[in-house]
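K.L.:
Residues per chain, in single letters:
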Amino acid sequence: MSIHDDAEKIRLKLDEENRTTVSVALFGQPGAGKSSLINNIVGKKVAAVGVETDKTIKAESYEANGLKFVDLPGYGTKNFPKESYFEKFDIPKFDLFLCVSSGKLHQADTEFFQELVKRGKVCIFVVNKHDELWEDGVRVEELERRKTEDITKHVGQPVKIIFTSCRQGTGLDTLNVEIQNNLEDAKRERWARGAKAYSTRFLQEKKAACERYVAIASAAAAANGINPVPGADVAVDVSIIMKLFKEIRHDYGLSENFLTTLKQSSIPVVGRLANNVVQYAAKEGILMLLKSFVGRQAVKSFAKYIPFVGQALAASLGYAITSSVGKSYHDDCYQLAEEILNNQLRE
Amino acid sequence: MWWLAIPVIGLVGKAIYDAVVDESEPPSPRRKTTLEINLERLEGQLRSHSGCKIAILGQPGSGKSSLLKKITKGKVRPLPIIGVQTDATNWASDLGCSLLSVYENYVFADVPGYDTVLHPLQVFSSCFPFKYFDAFVFVTQGKLHASDEEMYRQIVKAGKKVIVARSFSEGLQSENIGSVENDIRTRLSIAKSVSIIFFSNKTGDGIETVFDSIRNVGSI
Numbered sequence: 001m002s003i004h005d006d007a008e009k010i011r012l013k014l015d016e017e018n019r020t021t022v023s024v025a026l027f028g029q030p031g032a033g034k035s036s037l038i039n040n041i042v043g044k045k046v047a048a049v050g051v052e053t054d055k056t057i058k059a060e061s062y063e064a065n066g067l068k069f070v071d072l073p074g075y076g077t078k079n080f081p082k083e084s085y086f087e088k089f090d091i092p093k094f095d096l097f098l099c100v101s102s103g104k105l106h107q108a109d110t111e112f113f114q115e116l117v118k119r120g121k122v123c124i125f126v127v128n129k130h131d132e133l134w135e136d137g138v139r140v141e142e143l144e145r146r147k148t149e150d151i152t153k154h155v156g157q158p159v160k161i162i163f164t165s166c167r168q169g170t171g172l173d174t175l176n177v178e179i180q181n182n183l184e185d186a187k188r189e190r191w192a193r194g195a196k197a198y199s200t201r202f203l204q205e206k207k208a209a210c211e212r213y214v215a216i217a218s219a220a221a222a223a224n225g226i227n228p229v230p231g232a233d234v235a236v237d238v239s240i241i242m243k244l245f246k247e248i249r250h251d252y253g254l255s256e257n258f259l260t261t262l263k264q265s266s267i268p269v270v271g272r273l274a275n276n277v278v279q280y281a282a283k284e285g286i287l288m289l290l291k292s293f294v295g296r297q298a299v300k301s302f303a304k305y306i307p308f309v310g311q312a313l314a315a316s317l318g319y320a321i322t323s324s325v326g327k328s329y330h331d332d333c334y335q336l337a338e339e340i341l342n343n344q345l346r347e
Numbered sequence: 001m002w003w004l005a006i007p008v009i010g011l012v013g014k015a016i017y018d019a020v021v022d023e024s025e026p027p028s029p030r031r032k033t034t035l036e037i038n039l040e041r042l043e044g045q046l047r048s049h050s051g052c053k054i055a056i057l058g059q060p061g062s063g064k065s066s067l068l069k070k071i072t073k074g075k076v077r078p079l080p081i082i083g084v085q086t087d088a089t090n091w092a093s094d095l096g097c098s099l100l101s102v103y104e105n106y107v108f109a110d111v112p113g114y115d116t117v118l119h120p121l122q123v124f125s126s127c128f129p130f131k132y133f134d135a136f137v138f139v140t141q142g143k144l145h146a147s148d149e150e151m152y153r154q155i156v157k158a159g160k161k162v163i164v165a166r167s168f169s170e171g172l173q174s175e176n177i178g179s180v181e182n183d184i185r186t187r188l189s190i191a192k193s194v195s196i197i198f199f200s201n202k203t204g205d206g207i208e209t210v211f212d213s214i215r216n217v218g219s220i
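Residue numbers (our numbering), protein chains in the order written: chain A, 1 to 347; chain B, 1 to 220.
Isolated chain B, as found in the complex (with noise of 0.2 Å):
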C-alpha cells in the first residue's frame, strides 16, 4: 500500500516548492518607460560632448524640427524629422533614437512636443536633464497653454539663458504682436532682459534673429 502515499507526497512537495519560490521573487519595480529611458540616455551623452549645448522645447506642432533646420542652414547632423503628424519627432518608441544634433560647436536636442499621449508633460517635469544644457529655445505657437507655463517653470528653474520665440509669425497681423508679445510675457513671467521673438519657418522672417541669440550663448 505504499503507492498511496505518492500523492501526498507530491502535493507536500509542491507546497513547499510554491513557497519556496515566492519567497525568491523579489517585488519589482515599476517598469520605465522608452522616453524615460531616453532622457536618461541623454543626460549620458550630455555629459560627454563638449559644445554648447542648446535644448529647443515647445507645443508639438510649434515648429521646432523646422527651426532647427532653419538657423542652421540644413547642415546639422542628423538632420531633425519634420511634419504635420503629432510626434513626429519621437523619442518614446526607439530606444537607439539620435537625441542630440550638431552643427559647429552647437549641440542641438530637438526634444519632442511635450503634453501628447507618447510623451506626456510630466514626464518631461520629472525626468528632463534640464541642469545639463548651457541655453533653452522656448517655442511657443497661438496661444499659451497650462504646460506651457509649467515647462518655462522648469527651463527657468535651470537657471541657464533663455530664447524665447513666437512661431508662425507670418499668422499675426502687425497690430497684434504688441498684445501677444505682451500676452506671452504676463501669462510666462518673462523677465525683462529677455527678448520674445517673432519668426516664420514659412517665410524665414526672425530666423536670423534667433541664431544671433543662440551665437550670444556661445560667447558668454
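Isolated chain A (complex conformation) (with noise of 0.2 Å):
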C-alpha cells in the first residue's frame, strides 16, 4: 500500500467525519423551554430566548459543533395539519427526537409522541422548568413520581423521562447521556464532540471522541504537504490544523470570549493553558508549535490509531510532526475544560 493510497483514503475520511452529523428534533408547547434546552446541550446560546411570544411558522433550526436541532411547530394546528405533516418536515430523517414539556400535556404532544412510536422513532420526554415542580405540601421526589405516571398513562407505554432545569443546571448531564446512548455508532462519536459536558464522565467520552479526530485530521494534514515545516524536510497542510484546532476548541466550549476571561483566570494553570491555547489558534502560532516537534520521536499512543489512517502515512515523518501537534494543542484543550469543570468557571 503506497503512501499516495493512504493520503486519499484519509482525505475522503475526513470527508465523511465532517459530514457527519447528528440531527434533533423537538417538540412542545410554546414557553417549554425548547430554546433554552438547545443552549444548554450545546453549552453555547445558538437560539435566541425570551419571554415574549414567538409563532412558531416554520421549522426554526439551529446548527452547533456539528450537531443540528429544529424546533417543530405546532402539530395539528390550522397551518400544520396532522395529515401533510409528517412529509412536510421530513420527519423520518431526524436521528432523535426531544418531547419537551413544563406543565402538563397538551392534545398536540400526546398525539405527536404516539404517531413518533408507531413509526419506531426514538423519542425522549423531556420535563423542563423542574425548578417550578412544585406543590403545597408535597416532596419533590413525590410530584417526579406522579408526572412519570401521568406522561407513561398518556403515551400509554414506559418511556424515558428526564427531568431537567435550565435554570439550575440539573438533569442536563443526564440528557446528554441518555441521547448519546440512543444514537448509533458514528453519531455517538459526533454527539461526544459536540454535546457540553457536564460531567467527568462526559468529557472522557469527549476526549476519546477528538483523539480519534485529531488523529485523522492530522493525517490528512501530513498527507496534504503544501506548506513547508521549518527546519524540517516535509511540507504539511496548515490550513487543515488551523480547521482541527478550531474545531477542537468549539468541541471543549472555548469560544473566543471565555478564553480571554480564562487568560485572567487566578487559578495558574488556566491562565497558562489558556494562553497556548489561544497562542497555537493563529497560523504563526502553528508554524512554531510544528517547528518545536520536528526531530522529536514519533508519539507512540497513537500507534492505535493506524487502522484509520494507514500503514504508509503513519509511519511518515510528516505524520510525527503533525500528530505530535494535534495531540499537544488537544491535551491543552483537554485540560483547561478539565479544570474549568472542577472548579465551576462560567464564561
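By construction, these hints were calculated from the structure, which means they are not laboratory data.
Here a beta-carbon is modelled for each residue, glycine too, at the ideal position from N, C-alpha and C.
Treat the hints loosely; a few may be bogus.
Claimed, not checked - Here are the simulated DSS-like cross-link-like pairs (lysine-lysine), alpha carbons at most 30 Å apart as the crow flies: (1) B:Lys-131 <-> A:Lys-78; (2) B:Lys-75 <-> B:Lys-202; (3) A:Lys-78 <-> B:Lys-157; (4) B:Lys-202 <-> A:Lys-153; (5) A:Lys-78 <-> B:Lys-160; (6) B:Lys-192 <-> B:Lys-161; (7) A:Lys-153 <-> B:Lys-32; (8) A:Lys-160 <-> B:Lys-202; (9) A:Lys-82 <-> B:Lys-32; (10) B:Lys-131 <-> B:Lys-32; (11) A:Lys-93 <-> A:Lys-44; (12) A:Lys-263 <-> A:Lys-246.
What the hints assert, rightly or not - Some chain A residues judged to face chain B by a derived CB distance under 8 Å, without partners named: (13) Gln-29; (14) Lys-104; (15) Glu-132; (16) Trp-134.
Unchecked claim - Listed next, with one range per pair, are the computed distances between beta-carbon atoms: (17) A:Asn-18 <-> B:Thr-209: 52 to 60 Å; (18) A:Gln-204 <-> B:Lys-32: 57 to 65 Å; (19) A:Lys-88 <-> B:Asp-212: 46 to 54 Å.
Join these two chains into a complex; the hints should help.
P.N.:
Pasting the structure below:
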C-alpha cells in the first residue's frame, strides 16, 4: 500500500467525518423551554430565548458543533395539519426526538409522540423547568413520581423521562448521556464531541472522540504537503491543522470571549493553558508548534490509530509531526476543559 | 312433500323480518361525550344558583385550582383538586363529578385546563356556558398558546367582567414583567381598562389582588 493510496483514503475519511451530523428535533408547547434546552445542550447561545411569545410559523433550525437542532412548529394546528405534517418536515430523517414539556401534557404532544412511536422513532421525554415543579406540602420526589406516572399513562407505554432545569443546570448531563446512548456509533462520537460535558465521565468520552478525530485530521494534514515545516525536509497542510484546532476549541466550549476571561484567571494553570490555546490558534502559532516537534520521536500512543490512518502514512515524518502537534493542542484544550469543569468556571 | 316448503317459508320470513327491523331503527345521533354532558349539567346548575358566578379558565397546569384554594384561604367547598398530573381536575370521565364550588356568596367553576386529550379546546368553544357567568378569571402561564387566544376571544364575546392573572410570577425577573405584560396585552388584544395581575401560588404574591378584583365584581 503506497502513501498515495493512504493519502487519498484519509482525505475521504476526513470528509466523511465532517459530513457526519446528529439531527435532533424538539417539539412541545410554546414556553416549555426548547430554545433554552438547545443552548444548554451545546453549551453556547445558538437559539434566542425570551419571555415574549413567538409564533412559530416554520421549523426553526439551529446548528452548532456539527449538531443540528430543529424546533418543530405545533402539530395539528391550522397551519400544519396532522395529515401532511410528517412529509412536510421530513420527520423520518431525524436521528432522535425530544418531547419538551414544562407543565401538563397537551393534546398535540401526546398525539405526536404516539405517531412517532408507531413509526419506530426514538423519543425522549424532557420535563423542563424542574425548579417550577412544586405543590403545597408534597415532596419533589413524590411529584416526580406522579409526573412520570401521568406521562406513562398518557402515551400508553413506559418511556424515558428526564427532569431538567436550565436555570439550575440540573439533569442536563443525564439528558446528554441519554441522547448519546440512543444514537448509532458514528453519531455517538459526533455527539460526544459536540454536546457540552456536564460531568467528568462525559468529558472522558469527549476526549476519546476528539483524539480519534485529531488522528484523522492530522493524517490528512500530513498527506497534503503544501506548507513546508521550518527546519524539516517535509511539508504539511497548515490550513487543515488550523481548522482542526478551531473545531477542538468549539468541542470543548472554548469560545474567544471565554478564553480571554480564562487568560486572566486567578488559577495559574488555567491562565497558562488558556494562553497556549490562544497562542497556537493562529497560523504563526501553528508553525511555531510544528517547528518545536521537528526531530522528536513519533508519539507512540497514536499507534492505535494506524487502522484509521494507514500504515504508510502513519510511518511518515509529516505524520509524526502533525499528530504530535494535534495531540499537544488537544491535551491543552482537554486539560483546560477539565479545570473549567472542576472549578465550575463560567463565561 | 309439503315439508320441502319449510326452508323456503323460513327464508322468506327472515327476509321480511330483516326489512321491517331495518326500517324501524332510526339513524342514531352521535353520542355525547362525558365532557359535553357535564358542560350541559353545568349550565343547569348555574341557572339554579343565585350567587356571583365566576369561571376560572386557563391552560392545564397554570395553577387555577391552587389559585382558587388560595384566594378562599382553603375554605371553598368542595375543595378543588390539585395535582401535577394532566387533567387533575377532570370533567371528562365521571358524570357525577362536582362542577361548582361555593365560598361566601360566590360560586366558582374551577374549569379543567383546555387543550388536553380529555378536554379538547373545541368542546369548550362550542359547549361552555359562557353567558351564565358574571365574571371570568383568565389564568395564563409562560408563553401564550394559540388556544389561549381562542379562549380569550370566547370570554370577551360573553361581555362580562374579565380578570387576567399571570401565574408563576416567582419565576419572572422584575425587569421582565413589563415585557411579559406587553406581550399578553398585544397577543390577546386586552382592553386598557383590564388590568393584568401577576401572582404566585408558591409565595402568595398577588393572591390578595386577585381576590380584591373578584370582590369588585360582586359590588357592581
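K.L.:
It remains to establish, for every hint, whether it holds in the given structure.
P.N.:
Each hint, compared with the structure:
With a C-alpha separation of about 27 Å, the suggested pair Lys-131 (chain B) and Lys-78 (chain A) falls inside the 30 Å cut-off, and the hint holds. Simply put, Lys-75 (chain B) and Lys-202 (chain B) have alpha-carbon atoms about 18 Å apart, close enough for the 30 Å limit, and the pair holds. Of the pairs offered as hints, the one joining Lys-78 (chain A) and Lys-157 (chain B) holds, with about 22 Å between alpha carbons and a cut-off of 30 Å not exceeded. With a C-alpha separation of about 27 Å, the suggested pairing of Lys-202 (chain B) with Lys-153 (chain A) holds against the 30 Å cut-off.
A C-alpha spacing of about 29 Å is found between Lys-78 (chain A) and Lys-160 (chain B), which places the hinted pair at or below 30 Å, so the restraint holds. Among the hinted pairs, Lys-192 (chain B) with Lys-161 (chain B) is consistent with the structure: their alpha-carbon atoms are about 13 Å apart, no more than 30 Å. For a cut-off of 30 Å, the pair hint linking Lys-153 (chain A) to Lys-32 (chain B) stands: about 24 Å separates their Cα positions. Straight-line distance between C-alpha atoms of Lys-160 (chain A) and Lys-202 (chain B) comes to about 29 Å, which keeps the hinted pair within the 30 Å bound.
The hinted pair formed by Lys-82 (chain A) and Lys-32 (chain B) meets the criterion: a straight-line CA distance of about 24 Å does not exceed 30 Å. Simply put, Lys-131 (chain B) and Lys-32 (chain B) have alpha-carbon atoms about 21 Å apart, close enough for the 30 Å limit, and the pair holds. The suggested pairing of Lys-93 (chain A) with Lys-44 (chain A) holds, with an alpha-carbon distance near 25 Å, which does not exceed 30 Å. Restraint check for Lys-263 (chain A) and Lys-246 (chain A): the C-alpha separation of about 17 Å stays at or below 30 Å, so the hint holds.
Because the beta carbon of Gln-29 (chain A) sits about 6 Å from the nearest beta carbon in chain B, less than 8 Å, this interface hint is met. Interface hint at Lys-104 (chain A): satisfied, since its Cβ lies 4 Å from the closest Cβ of chain B, which is below the 8 Å cut-off. Nearest Cβ of chain B to the Cβ of Glu-132 (chain A): about 6 Å, under the 8 Å cut. The hint holds. Look at Trp-134 (chain A): its Cβ gets to within about 6 Å of chain B, closer than 8 Å, so that hint holds up.
Range check, Asn-18 (chain A) to Thr-209 (chain B): Cβ separation about 58 Å, and the 52 to 60 Å hint holds. Under the hint 57 to 65 Å, the C-beta atoms of Gln-204 (chain A) and Lys-32 (chain B), about 60 Å apart, fit the expected range. A hinted range of 46 to 54 Å holds for the C-beta pair Lys-88 (chain A) and Asp-212 (chain B), which are about 49 Å apart.
Violated hints are absent here; each numbered hint is respected by the structure.
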